[in-house]
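Q: Take 43 as the starting number for the sequence shown in this note's numbering and just add one per residue.
Worth flagging that the hints you see were computed from the coordinates, not collected in a lab.
Careful, some of the hints might be misleading.
Unchecked claim - Here are the computed distance ranges between Cβ atoms for each label pair:
#, residue 1, residue 2, range
1, Glu104, Asp51, 16 to 22 angstroms
2, Val56, Pro151, 19 to 25 angstroms
3, Asn144, Ala102, 27 to 33 angstroms
4, Ala101, Val59, 14 to 20 angstroms
5, Glu62, Glu86, 28 to 34 angstroms
6, Ala78, Ala102, 16 to 22 angstroms
7, Asn63, Leu146, 20 to 26 angstroms
Using N, Cα and C, we set each Cβ at its ideal position, and we do this for glycine too.
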Amino acid sequence: MFSRIQEIDSSELVRWVEDENHQLRIIDVREMPEIAQGIMPKAEPLPLAILPARLSDFAAGETLVIICRSGARSAQACLFLQQQGFDNVYNLRGGMIAWAHNDLPIVRP
């Protein structure tokens with residue numbers, strides 16, 4: 043059984059990214075046409091459908107922050123990763139919509 047989904051908000055994620063001692067990876071599970079419209083700096087594009095085939099890309103103890111447009115697909119990804127034994131997985135609450143609403147940086151890939 044997996045634990046409930048851990049969430050992080052945009053302002054906390056900014057603090058984590060700025061903290062050099064906080065090692066994390068940001069994974070964007072949106073589809074490529076969505077990512078082409080803009081992506082969070084330091085985020086790695088990995089569409090949800092491809093995630094199962096790329097599990098070997100992740101280390102078991104790694105901190106992963108999963109993002110999507112609104113937080114729904116990233117929640118699915120978090121559940122999947124928890125089921126695969128990953129414990130340090132966080133869903134960005136509100137996804138890219140919340141990120142953009144807070145006027146945080148978005149870059150073109």
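Q: Against this structure, judge whether each hint is valid.
A: For each hint, the structure was consulted:
1. Glu104 to Asp51: 16 to 22 angstroms: holds, 21 angstroms
2. Val56 to Pro151: 19 to 25 angstroms: Since the Cβ atoms of Val56 and Pro151 sit about 20 angstroms apart, the hinted range of 19 to 25 angstroms holds.
3. Asn144 to Ala102: 27 to 33 angstroms: Roughly 31 angstroms apart at Cβ, these two residues keep to the hinted range, so it holds.
4. Ala101 to Val59: 14 to 20 angstroms: holds, 19 angstroms
5. Glu62 to Glu86: 28 to 34 angstroms: For Glu62 and Glu86 the Cβ distance comes to about 19 angstroms; the hint is violated.
6. Ala78 to Ala102: 16 to 22 angstroms: violated, 32 angstroms
7. Asn63 to Leu146: 20 to 26 angstroms: Given range 20 to 26 angstroms: holds, Cβ gap about 21 angstroms.
Violated hints, in rising order: 5, 6; the structure is consistent with all others.
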